[in-house]
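*Asks:* Residue numbers (full-length UniProt numbering), protein chains in the order written: chain A, 1 to 432; chain B, 1 to 432.
One or more of the hints may lead you astray.
[To be verified] To give an idea of the interface, some chain B residues facing chain A are shown, with a C-beta separation under 8 Å as derived from the structure:
{"#": "1", "residue": "N198"}
{"#": "2", "residue": "A232"}
{"#": "3", "residue": "A233"}
{"#": "4", "residue": "L236"}
{"#": "5", "residue": "E251"}
{"#": "6", "residue": "R269"}
{"#": "7", "residue": "T271"}
{"#": "8", "residue": "D344"}
{"#": "9", "residue": "I349"}
{"#": "10", "residue": "D375"}
[Claimed, not checked] Straight-line alpha carbon distances no greater than 27 Å define the calculated BS3-like cross-link-like pairs of lysine-lysine that follow:
{"#": "11", "chain 1": "B", "residue 1": "K71", "chain 2": "B", "residue 2": "K110"}
{"#": "12", "chain 1": "A", "residue 1": "K30", "chain 2": "A", "residue 2": "K159"}
{"#": "13", "chain 1": "A", "residue 1": "K95", "chain 2": "A", "residue 2": "K170"}
{"#": "14", "chain 1": "A", "residue 1": "K422", "chain 2": "B", "residue 2": "K377"}
{"#": "15", "chain 1": "A", "residue 1": "K377", "chain 2": "B", "residue 2": "K414"}
{"#": "16", "chain 1": "B", "residue 1": "K296", "chain 2": "A", "residue 2": "K193"}
{"#": "17", "chain 1": "B", "residue 1": "K320", "chain 2": "A", "residue 2": "K426"}
{"#": "18", "chain 1": "B", "residue 1": "K426", "chain 2": "A", "residue 2": "K193"}
{"#": "19", "chain 1": "A", "residue 1": "K159", "chain 2": "B", "residue 2": "K350"}
{"#": "20", "chain 1": "A", "residue 1": "K87", "chain 2": "A", "residue 2": "K74"}
{"#": "21", "chain 1": "A", "residue 1": "K320", "chain 2": "A", "residue 2": "K404"}
{"#": "22", "chain 1": "B", "residue 1": "K331", "chain 2": "B", "residue 2": "K392"}
{"#": "23", "chain 1": "A", "residue 1": "K305", "chain 2": "A", "residue 2": "K392"}
{"#": "24", "chain 1": "A", "residue 1": "K305", "chain 2": "B", "residue 2": "K331"}
{"#": "25", "chain 1": "A", "residue 1": "K414", "chain 2": "B", "residue 2": "K331"}
{"#": "26", "chain 1": "A", "residue 1": "K350", "chain 2": "B", "residue 2": "K426"}
{"#": "27", "chain 1": "A", "residue 1": "K377", "chain 2": "A", "residue 2": "K331"}
{"#": "28", "chain 1": "B", "residue 1": "K305", "chain 2": "B", "residue 2": "K392"}
{"#": "29", "chain 1": "B", "residue 1": "K385", "chain 2": "B", "residue 2": "K406"}
{"#": "30", "chain 1": "B", "residue 1": "K385", "chain 2": "B", "residue 2": "K305"}
{"#": "31", "chain 1": "A", "residue 1": "K353", "chain 2": "B", "residue 2": "K199"}
{"#": "32", "chain 1": "B", "residue 1": "K296", "chain 2": "A", "residue 2": "K377"}
{"#": "33", "chain 1": "A", "residue 1": "K423", "chain 2": "B", "residue 2": "K353"}
{"#": "34", "chain 1": "A", "residue 1": "K267", "chain 2": "B", "residue 2": "K350"}
{"#": "35", "chain 1": "B", "residue 1": "K404", "chain 2": "B", "residue 2": "K296"}
{"#": "36", "chain 1": "A", "residue 1": "K199", "chain 2": "B", "residue 2": "K353"}
{"#": "37", "chain 1": "B", "residue 1": "K267", "chain 2": "A", "residue 2": "K331"}
{"#": "38", "chain 1": "B", "residue 1": "K159", "chain 2": "A", "residue 2": "K194"}
{"#": "39", "chain 1": "B", "residue 1": "K350", "chain 2": "B", "residue 2": "K331"}
{"#": "40", "chain 1": "B", "residue 1": "K267", "chain 2": "A", "residue 2": "K385"}
Hints are computed from structural coordinates only; laboratory data are not their basis. Remember, predicted model here, so these are calculated numbers, not experimental data. Ideal Cβ placement from N, Cα and C applies to all residues, glycine included.
What follows is the residue order along each chain.
Number of protein chains: 2
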Amino acid sequence: MLDLKKLLDQYSPSDEENKKLKLVASNIIKSLNDECSKLKIDAEAVEVGSVSKDTNLKCSDIDIFILFNKKYDKEFMENTGLKLGHKILQDGIEKYAEHPYVSGHIDNIKVDIVPAYKMNPGERIESTVDRTPLHTKFVNENSNENIRNDIRKLKIFMKQVNVYGSEISKSGFSGYLCEIMVINLGSFINVLKKFAENKGRFLIPDDKSLEKKFPEPVIIIDPVDTTRNAAAAVSLENLARMEIASKLYLETPENLPLGSLNNNNIKDRGTYMKIFTMERPDVIDDIIYPQAVRFKNKLFGIFDKYGYRPVSSEILVNNKIEILIEYEREKPPDMLIHSGPPADSNEVIKFIKIWMNNDRLLRGPYINGNRLYVDIKNENTDFSKIFETELKKIDIGRHLNPLKNKIHVIDVDKNTQYDVLKKFYKKNIFFD
Amino acid sequence: MLDLKKLLDQYSPSDEENKKLKLVASNIIKSLNDECSKLKIDAEAVEVGSVSKDTNLKCSDIDIFILFNKKYDKEFMENTGLKLGHKILQDGIEKYAEHPYVSGHIDNIKVDIVPAYKMNPGERIESTVDRTPLHTKFVNENSNENIRNDIRKLKIFMKQVNVYGSEISKSGFSGYLCEIMVINLGSFINVLKKFAENKGRFLIPDDKSLEKKFPEPVIIIDPVDTTRNAAAAVSLENLARMEIASKLYLETPENLPLGSLNNNNIKDRGTYMKIFTMERPDVIDDIIYPQAVRFKNKLFGIFDKYGYRPVSSEILVNNKIEILIEYEREKPPDMLIHSGPPADSNEVIKFIKIWMNNDRLLRGPYINGNRLYVDIKNENTDFSKIFETELKKIDIGRHLNPLKNKIHVIDVDKNTQYDVLKKFYKKNIFFD
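Taking the hints into account, I'd like the entire structure generated from these sequences.
*Replies:* Shown next as structure tokens:
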């Protein structure tokens, strides 16, 4: 049951919160600008992000950009920006997106101070960060109270159905995408209608020729840079989720069966599972997550290659990395059908000679279609050995490779307690 | 080990046999022609087939065609032809290819007497039988003793590697194909070289544009009708067999490892097998075999559909029909991953409603790619029930359908003795 009115009350910031955010932000901007004039630096602090656009949900951060004149080189811009950030944020620590920036707190509000170059619309962008102030400007110029209210609704809706957030592990819709969708289509309900009725790729504007320019499942042109797909990071799964959620919501307004969909109990599936755990290196999610996914896919491939008949997998990345593989066969088959060269290849005689008197040969060589085959004894039926051999061969990324010899393998039974196992059983349309 | 010289001695007819064949054939032709003049019928008996072309192997049949003037209608031609046939062949029985014909024996030699129309080269063919006398004429006009000797060699070679015979259950090379290949390429060895060096489809003449006109893997243009692929019935497998056999033979002349390839013993494959047997209806192979193959494929499909993971199959059609299915799982999996509609389909809500509160639901509905899935309990794990249900639904051909309720299902264990099982284990490049 999704009661959007109630959720809007619950998630929207109070007037008091907004007043406080504005005060803190304007104080920071004033301090930064004062500091810049004092140091005779041609730079200007501006507020960006949802607070500056009045589309923020409760407990939002404050994002301040220091926009440097393009005459400064990158090193100067970054170093000076960081110094200024530290001056404002007593507990500030340096983080890194495309530029380095300083992240800290003022009055319990999280504040990021980010150095960037000052851009005008249409100028060539040096870094995606430089585009952010233009986004703020566009949203402010194209929204009114109704639009802002509907942007908040869409953000809340997307949070509920688990498609909100542009981090790689989520691959969902960013706040900015919510803003331009509502501005473009006019209302929250229109956005939902477009998702509910969508067929194939999702296009804003609705122009089929965009499909030739961009490969992604969701294409939403950035109004401040029409050569850019602002939705390039949105996954096919999250498009599917929004299509289904919108259909369900529009069919029975205010009712999304989020609750009952979560009620799957752990039932006997008659399958086998192994969980692979390793420590999580001290690197941000956006870097570790793709490596962990690659490892999961390689593991699935190993189970497949050796005939364990894998059917599902799950991954969890928090303070540990946990990967689950579900498979149908306790042991690989005793016999493998080994495919040889086609009959018109020059490798035919070699293949026949190799297998004809081989101890592993169970049947053949024989012909199927235009190709030679042999049925052979499977010699790889011990998982520990298989895993040891295959693990050496695979590349699982810069940060995970050094941890290869510290992977624990757990055979799941009914007493096994792992978060990835809970996640596996809870998987549904809106929880993945 | 293939000693072609020895085989040529063994399989070629003696002078005595040839003399006797010629005498019997000319007697039949004389009697038939005498009978035609007596009855004032404009028809002429001619000898066709390998004996008439001097390309026959030992113990060949005699084929006599009675060629009627095209002024006669089909019914008259057939009825008169059959009457004449019965007059010559005391033990004659009627058979049916494209026309009916009479098959019997004279002096222990099998004789077929076939009514047909008299054609001139280039005339529109009414029935493929009518073309046969033109084939005989072509081969006689284009061969000498060397060519005829090499045609016999090629026939023997093809018999040894099990690709000789145009019946549907074999789908191999006909005697006529052997004749035109040797005539076209000049010698037995040239034919083998062409197969050994062939890449992709096999073409005579070597004209790539033929690939657009004919869909078959082997294209050999009939010299008496250049719009026709004389090799349309040859299977991809038999092309592959000839390519491999030719490579092996040319690498080590006179040595084909036919023996040792047959030495596979029955070894434990760690799989499961069922054999399905039924009586063989009293209909010719060319009609029953395709129906039996269709039944085999349907059975394989049932095993696949229900998750038994079938891996191989074998078929035997003689006085019984025996079909073997080999599969990896003793029982189907307890869990099925059931694929639902894509997220942009109108069936989404229906699918969610069906499965959300279903007792069989183990997990989901969830999204993978752009599609909904559920993990559900598999309720079909009893093979007898599955077989009973599915058998009702499938069409296995006009002659096998009435026998559906007389199919025996045997679980293979180490004591099981069935010919199809022997055939299964003996399968190799040249035995299938």
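*Asks:* What hint numbers does the structure not satisfy?
*Replies:* As far as the earlier hints go, 2, 3, 11, 12, 16, 17, 18, 38 and 39 are violated by this structure, in ascending order.
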